[in-house]
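*Asks:* If you want the building blocks of each chain, they are given just below.
Protein chains: 2
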Amino acid sequence: MKLSIIGLGLLGGSLALDLRKRGFADEIFGYDLSPVSQGYAKQVGLIDEECTMDEAISKGDIVVIAVPVSAAIKILPDVLNKINDNQIVIDICSTKGTICERVKGHSRRRRYVACHPMAGTENSGPWSAISGMFDGKALIICDSEDSDEDAVKTARRMFEVLNMNTMFFNSFNHDVHVAYVSHLSHVCSFALAQTVLDKERNEKNIFSLASGGFASTVRLAKSNAEMWVPIFDNNKDNVLDVLGTYIEKLQNFKQLLVNDDIKGMMDYVNNANRIRKVLK
Amino acid sequence: MKLSIIGLGLLGGSLALDLRKRGFADEIFGYDLSPVSQGYAKQVGLIDEECTMDEAISKGDIVVIAVPVSAAIKILPDVLNKINDNQIVIDICSTKGTICERVKGHSRRRRYVACHPMAGTENSGPWSAISGMFDGKALIICDSEDSDEDAVKTARRMFEVLNMNTMFFNSFNHDVHVAYVSHLSHVCSFALAQTVLDKERNEKNIFSLASGGFASTVRLAKSNAEMWVPIFDNNKDNVLDVLGTYIEKLQNFKQLLVNDDIKGMMDYVNNANRIRKVLK
Numbered sequence: 300m301k302l303s304i305i306g307l308g309l310l311g312g313s314l315a316l317d318l319r320k321r322g323f324a325d326e327i328f329g330y331d332l333s334p335v336s337q338g339y340a341k342q343v344g345l346i347d348e349e350c351t352m353d354e355a356i357s358k359g360d361i362v363v364i365a366v367p368v369s370a371a372i373k374i375l376p377d378v379l380n381k382i383n384d385n386q387i388v389i390d391i392c393s394t395k396g397t398i399c400e401r402v403k404g405h406s407r408r409r410r411y412v413a414c415h416p417m418a419g420t421e422n423s424g425p426w427s428a429i430s431g432m433f434d435g436k437a438l439i440i441c442d443s444e445d446s447d448e449d450a451v452k453t454a455r456r457m458f459e460v461l462n463m464n465t466m467f468f469n470s471f472n473h474d475v476h477v478a479y480v481s482h483l484s485h486v487c488s489f490a491l492a493q494t495v496l497d498k499e500r501n502e503k504n505i506f507s508l509a510s511g512g513f514a515s516t517v518r519l520a521k522s523n524a525e526m527w528v529p530i531f532d533n534n535k536d537n538v539l540d541v542l543g544t545y546i547e548k549l550q551n552f553k554q555l556l557v558n559d560d561i562k563g564m565m566d567y568v569n570n571a572n573r574i575r576k577v578l579k
Numbered sequence: 300m301k302l303s304i305i306g307l308g309l310l311g312g313s314l315a316l317d318l319r320k321r322g323f324a325d326e327i328f329g330y331d332l333s334p335v336s337q338g339y340a341k342q343v344g345l346i347d348e349e350c351t352m353d354e355a356i357s358k359g360d361i362v363v364i365a366v367p368v369s370a371a372i373k374i375l376p377d378v379l380n381k382i383n384d385n386q387i388v389i390d391i392c393s394t395k396g397t398i399c400e401r402v403k404g405h406s407r408r409r410r411y412v413a414c415h416p417m418a419g420t421e422n423s424g425p426w427s428a429i430s431g432m433f434d435g436k437a438l439i440i441c442d443s444e445d446s447d448e449d450a451v452k453t454a455r456r457m458f459e460v461l462n463m464n465t466m467f468f469n470s471f472n473h474d475v476h477v478a479y480v481s482h483l484s485h486v487c488s489f490a491l492a493q494t495v496l497d498k499e500r501n502e503k504n505i506f507s508l509a510s511g512g513f514a515s516t517v518r519l520a521k522s523n524a525e526m527w528v529p530i531f532d533n534n535k536d537n538v539l540d541v542l543g544t545y546i547e548k549l550q551n552f553k554q555l556l557v558n559d560d561i562k563g564m565m566d567y568v569n570n571a572n573r574i575r576k577v578l579k
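These protein sequences, in sequence, are chains R and B.
Heads up: the first sequence begins at 300 in the working numbering, then just goes up one per residue.
Heads up: the second sequence begins at 300 in the working numbering, then just goes up one per residue.
Just so you know, the hints here were simulated from the structure itself, not pulled from any lab data.
You can take every hint at face value.
If you want the footprint, here are the derived chain R segments under chain B, 3+ residues with CB under 8 Å:
no., segment
1, 486-499
2, 511-521
3, 531-541
4, 553-562
5, 565-577
Straight-line distance between alpha carbons at most 20 Å, and here's what the computed SDA-like set of lysine to any residue pairs gives:
no., chain 1, residue 1, chain 2, residue 2
6, R, Lys-548, B, Asn-523
7, R, Lys-341, R, Ser-427
8, R, Lys-521, B, Lys-548
9, R, Lys-562, B, Lys-535
10, B, Lys-498, R, Thr-544
11, B, Lys-576, R, Ile-505
12, R, Lys-498, B, Asn-570
The C-beta atom is built at its ideal place from N, Cα and C for all residues, glycine as well.
For reference, chain R alone in the conformation it holds in the complex (with noise of 0.2 Å):
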């Protein structure tokens, strides 16, 4: 199989480096933006050809759209205006209600699968592409029936070699749910690393004293602008939505604080404890 990757960042790199390893991809293209990631990535073998963008799409019987969600709805329309009636698009963004309006009636919408790999770290560029960083993660394939069978099966296929879980979601659904488990998290993470950070202006070594505890809970702060405002801005409606009740119940935690009413804490933790029920 014959893989283009356009945009050769954590994510592609990443998997470049699985599907070549695990000998689904026989031949791998690379464009990236910058040069200095296409580079890298031909320099350390994550691809085998560094191409325009037009070459990339032109060579893989797969093509990968994995970069951020904003570049990627302008350039879908053309890159399915270019590839032939066998090749495969396939995009790997966080949000999936925006690009899949965008080619909505598109006349090869059907060689189109819109994916969503849910795995990553806080790291980004080719330089942090890691091995085995899909397996065990959940895939969503949004809007399935828009796109043809084989398409489908052939993105299937492919992140099963990455030992993905497959689950199919409506693009619209999709965005609902990953406001609050995914995108939710990093707005949190990035306030408190700005509250964190503001406050250490003034008092030095504020960081002698982090703890394990606060290392977990801003590790996403730690996360790429360019990937994550794109993502904040194309699920704008449910981030607003799910950010607005999480501001809520910070202030009811403040009101009873500010009321030292122990017993409404107490019930505040033990309700956010039932967090161990569906989260090992």
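Given the coordinates of chain R, assemble chain B onto it according to the supplied hints.
*Replies:* Chain B only, in chain R's frame:
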């Protein structure tokens, strides 16, 4: 060395485990309000002898108080009343201002060393005790000038056996710092868990999509109410202060998103990314 531990939870249990294993404690006496916890600690050999509180106070060369801070504040004066001049009392609570204030001027204040070993997990109870939990973590000793030199020396030696790195703070600064780098993280997580659990009432299977990022951010929401509510209550002013700043930061982000201010959001995330420099 004879060691008495009042409070046989995660911390008391883990302390017992490694202080025996590493040869610091020859004999360990234990008391817990819960007969189940106390019986379990004896059963699995965390302690050598089950005691009443008074027996525990009289038998140990070192008496460690490992109960929630609200309970520790209540019992500490009485514990100091009952020890002799050679014994040492150490508490290991997460807030230090109110407890140090409580025994200011006590005739045996100098036999007490106010400690905060910054270690733990989201689990609780002696059945969660683990070896190595304290290794490499920070130990903060507060207001050490109010303790006898030999008492501080012995406390340091005990925590050095646990491979902890000792730092000295006054109790006021300690409480400000931990509000930022520990207490706030817990409030964030509790509120995040509540937000997503509420949503789940209406939308089943929302957790099928839970990512590693979510798990990391929400982990602390599994933490125990009996321990944490007294911490918030005893560090009320600092927690309210930092929580207010955090809510403001979230509202800032919300406004940027409402305004589709891409550049503003990029700056926000890039600013948060500075956490990389201080936290590996």
